[in-house]
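*Asks:* Each chain, letter by letter, is given below.
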Amino acid sequence: MPKLLVCYKWVLDEQDIKIRPDDLSLDASRAKGKLSDFDRNAIEEASLIMEAQGGTVDALTYGLPTVKASVKDVLSRGPSRLLWIGDPAADQADAYVIANVLAAAIRKAGPYDLILCGEGSSDLFYQQIPARLAALLELPCVSFVQKLTLEGPVLTATRSLGDGTEEVRVTGPAVVSVLGEINKPRIPSLKQVLGASKKPSEELPLAGLGLTEAELEPKALRRAPRGFLMNRKNIIYKDADPAANVGKLVASLEAEGLRG
Amino acid sequence: MTIKRMSPEELLALDRFNVDEGNPHIHVDKTLCARCQSRPCLVVCPARCYQLKDAQVAFEYAGCLECGTCRVLCSDKGVTRWDYPRATFGVTFRNS
Amino acid sequence: MSEEDFDVIVAGAGPAGSACAYTLAKAGKNVLLLERGDSAGAKNVSGGRLYAYALDLVDPDLRGRAPLQRRIVREQVMLLDGARATTLDHGDYGDAAGPQSYSVLRAPLDEWFASEVEAQGGTLACGMRVDGFLEENGRIVGVKVGEDDMRCGTVVAADGVNSCLGRQAGLFGDVAPATVGLGVKETIELPEAVISQRFGVKNGEGAARVALGCTDGISGGGFLYTNTDSVSLGLVLNPGQVARRGRPIQDLWQDFKLHPALAGLLEGGVSLEYGAHLVPERGYHGLPRNLHRPGLVVAGDAGQFGINTGLILRGMDLAMVSGLAAARAILETTGPDAVGPAYLTQLETLALLPTMRVYAECHGLFELSRLFGAYPALANEALATLFSVDGRTPPPMLTQLWQVVRSHVSLGQMLSDAWKGFRSV
Amino acid sequence: MPGIFIYSEDPRLAQQLLTPALELKKDLRQPVVALTTDPEAASILAALGADRVVVLRSALTSPEALAPAVAQLLAKEGAQVVLVGGTLRGKHLAAHAAAVLKAGLATDARHLALSDGRLVARRMLYAGLAVSDEELTLPALATIPPRTFPVPTQAPNPGVVENLDVLGDPRMTVFSSTPVQGEGVDITTAVRLVAVGRGFGHKEDLGLARDLAGALKADLACTRGIAEDEHWLPIERYIGISGQTVRPELYLATGLSGQVQHMVGCREAKVIVAVNKDERAPIFEMADYGIVGDLYTVLPLLTAALNKN
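So the sequences go chain by chain: A, B, C and D.
The numbers in this note's numbering rise by one with no breaks, and the one at position 230 of the first sequence is 230.
The number in this note's numbering is simply the position in the second sequence, starting from 1, with 260 added.
The number in this note's numbering is simply the position in the third sequence, starting from 1, with 356 added.
The number in this note's numbering is simply the position in the fourth sequence, starting from 1, with 781 added.
Isolated chain A (complex conformation):
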């Protein structure tokens, strides 16, 4: 029975982030946390495998100490246990640091037959953690997966790569990154939510992971982000008569030199 691990990130909900129009700085003061979009798919896929084949799913995350708030949401989606690493410096971490921390935690909590991740996180969208983890753990990495089958140690997957798809096979253990289209994440039921509170979750103290100072020092420093504002004409025709609107739009296209 497979022993699965799924890594996830608890991110700020980008819908709650506002751009301050005066200096284009970001205002995240009213933003709440959420489970990163594609990580929902990774958690769902791991849970589906467990529900079909038995075994266990551990969920693992690294984030600010507030990441503990994610425990109930994640466990209600299926995983059997949750491990979290809280670090006040996590908001400065880059993919290098995140991968180092997760790999160290996996060495401590593992081994696992399969490690699943989302394609990229909703906030930074680095798309690096799966391949970095695989390199650090010396495992094969199957990235950008839209279909996954696990039979014993053999993993068969369909990868979607933009210019085509390919079917691949590896013998586990392996790291897999999943795409959004791989499944439709569940909306947890009441029993699943209630069940979540009975499942174990524990903090893995960062200090206990045996990481050196250098491994926790980001290689990439993010300067303060600036909002991207679109400046468009916003001329909207909303007459009750569709033909009138169409006439006006055609005239506008003509004026822009975009007709014919």
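Source of the hints: derived by calculation from the structure; they are not laboratory data.
Owing to the predicted nature of the structure, the values given are computational and were not obtained by experimental measurement.
So the derived list for chain A, only partly shown, Cβ under 8 Å to chain D, looks like this:
id : residue
1  : Leu161
2  : Glu166
3  : Leu249
Using C-beta positions, here's what the derived DEER-type ranges look like:
id : chain 1 : residue 1 : chain 2 : residue 2 : range
4  : A       : Lys233    : C       : Leu444    : 46 to 52 Å
5  : A       : Gly152    : D       : Pro960    : 27 to 33 Å
6  : B       : Glu270    : C       : Leu444    : 30 to 36 Å
Below are the BS3-like pairs computed for lysine-lysine, each with C-alpha atoms no more than 25 Å apart in a straight line:
id : chain 1 : residue 1 : chain 2 : residue 2
7  : D       : Lys1058   : B       : Lys313
8  : B       : Lys290    : B       : Lys337
9  : A       : Lys68     : C       : Lys382
10 : A       : Lys248    : D       : Lys1058
11 : C       : Lys385    : A       : Lys72
12 : C       : Lys500    : C       : Lys385
Built from N, CA and C at the ideal position, the CB exists for glycine as well.
Once you have looked at the hints, place chains B, C and D on chain A.
*Replies:* This is chains B, C and D only, laid out in the frame that chain A set:
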């Protein structure tokens, strides 16, 4: 930036919605609405979910604020079913 | 009979539901608090003032931990007419040892209160809509949530003014148009220091304002509460009159928001959110005849507990008290059949029903249509007349005032309104 | 020997990488080294200004299989800056190499510069809501999306080409591959586009958009949902954060709400037009012109009006 007159669309654009596509939480019977003379829904709905199109009441549940006013005021009971949206769907207030 | 999953299931994590679940959990009951929003408060809108006695009644320790915005120290009444405004400003500039109230925002407040329930050992499940009841022999023994059935000793329906659950249980019919107000509101962001300065308060202290004469003659009024770094600005209107007037509610709302007397207070503000909600405001005479049946009690807005005197709007405090009453009733009785009557007794003991009886006739004020148009206009014109100096010989002051009054109302109307108003209070 | 390394399995993209690499060379004063598996591509890269081209000879040539060998080579050579073509395969290779080099990696970098001995890369955050400059200590890697930079002009002195035998990583077996059923259209070069989204109820209804595209002499583009969930249009027509980025003169969006994940791919269009029945759809805020109306009514009228005359 300052306070300005905003269209209903601009007001609703301030809010967060997670629309339960294809699964309306309010059901409106158009034949009953066609007979209705008073049509209070057109003015009392604070999200302007009810609008007159081709002399008919057209209903769109996507921007619903879930207040219930349309159901309470509906004179000919054209609002045949009014539920809260399924859990996790609908409007989410963060600052009210 | 199969085993119960919980002693009590509370539907709705608003002030009523959380007050009830908190009290039960603290007393060691196994309680499940269900909330249909993604988090508690996610579906809730209110004007934004909480009378603190209610929180103290639930647990005196709560107030210190609650995310309260500003303590209200200035009460203001605005009478509006056209571009004119007359503002009455009341404050206690002493050490203000009396009863206190605070401006609040529901998303943080409700989320915090629900987390207090969890801290007491209660179970909170968000993203859960209660779809119906489990019934056995005419007694409610649990709830249905999606595919899941959950059994319990007592269900507390604190599911808000629309109370789908109360109606489903057959306790009452739908809300009558005349018993509710339709509230619309914008939350407008402003820097904390700017708010303190504009309203003449210290940081941490705030103002509450009601406005009359801003509703196009429709029964109702405006409100403004100062939060820490935003203001809650809204209107509560009689929806039936809005329908008869035929002007879209948003237009009425935007007119009020843009009244020149508010411009200086809101200048530079950024609209954060727009919300709407029904407000139970018929008071005692609007209460449903039945608030319970075996296995079920109804609390908060679902029970239509609300008071509107024209100057103050009370809902959240009454909701908390009713939730507390339900919890105490459950704790002091054995067997679900006894809970309902004990609940009514608790509503008396905790002074909720007696208070509502005192204000029972207040709603009569809302039938004085001139209160929302003619009288605010009269007040403004009277003051404008008294303050205007143009160098000519004025008529005697009383004559001037009498002319202003007569141009707005007749003597008969005034006497009749005075009599009705007197009876209402 | 330290250097600025470039790699992409896409020959065209590899050539584009030379432009920022040669720019960085001015500051860094290190040679530009191109890695490729294709001897033909190698001579072109050498002619376009790569000082050195290393042809990796291996039985397995996919970027994923080459990743360990490339990483080892970069470590051995002391690569200071590594630019990788930002395809999904390229990102896989880059992340693997970054882990081995214990280095930072800026994925989807749209602008690069050197400042105080650090590589400064501009990239998007929060699905395009914001951009941020990341400062990476050297050695540093970046992946560059296709068509971010032009192909440089011929260099006066072509670089040297050498061969290197490497071992591919055999752990992942590819047993079947299906290239996208290409229609020979590259919508990234299209001057006008009509983009469709979920407002279309059935695949057959896309005919309305095709007709309009015909009248406008435009190509058809779509959202992620239409390509990846419904499979109504091939993936090469999908515009968005993980799809294509386009800069047409006209982008007419219909039946799509304007989610930021989609708009990131088209927001540099000269003129954006929206047709949507939902007046508060965010697309109208991002449009120059718009019609509020049902696309099933508006599109045939618009097509007819454009076809007139």
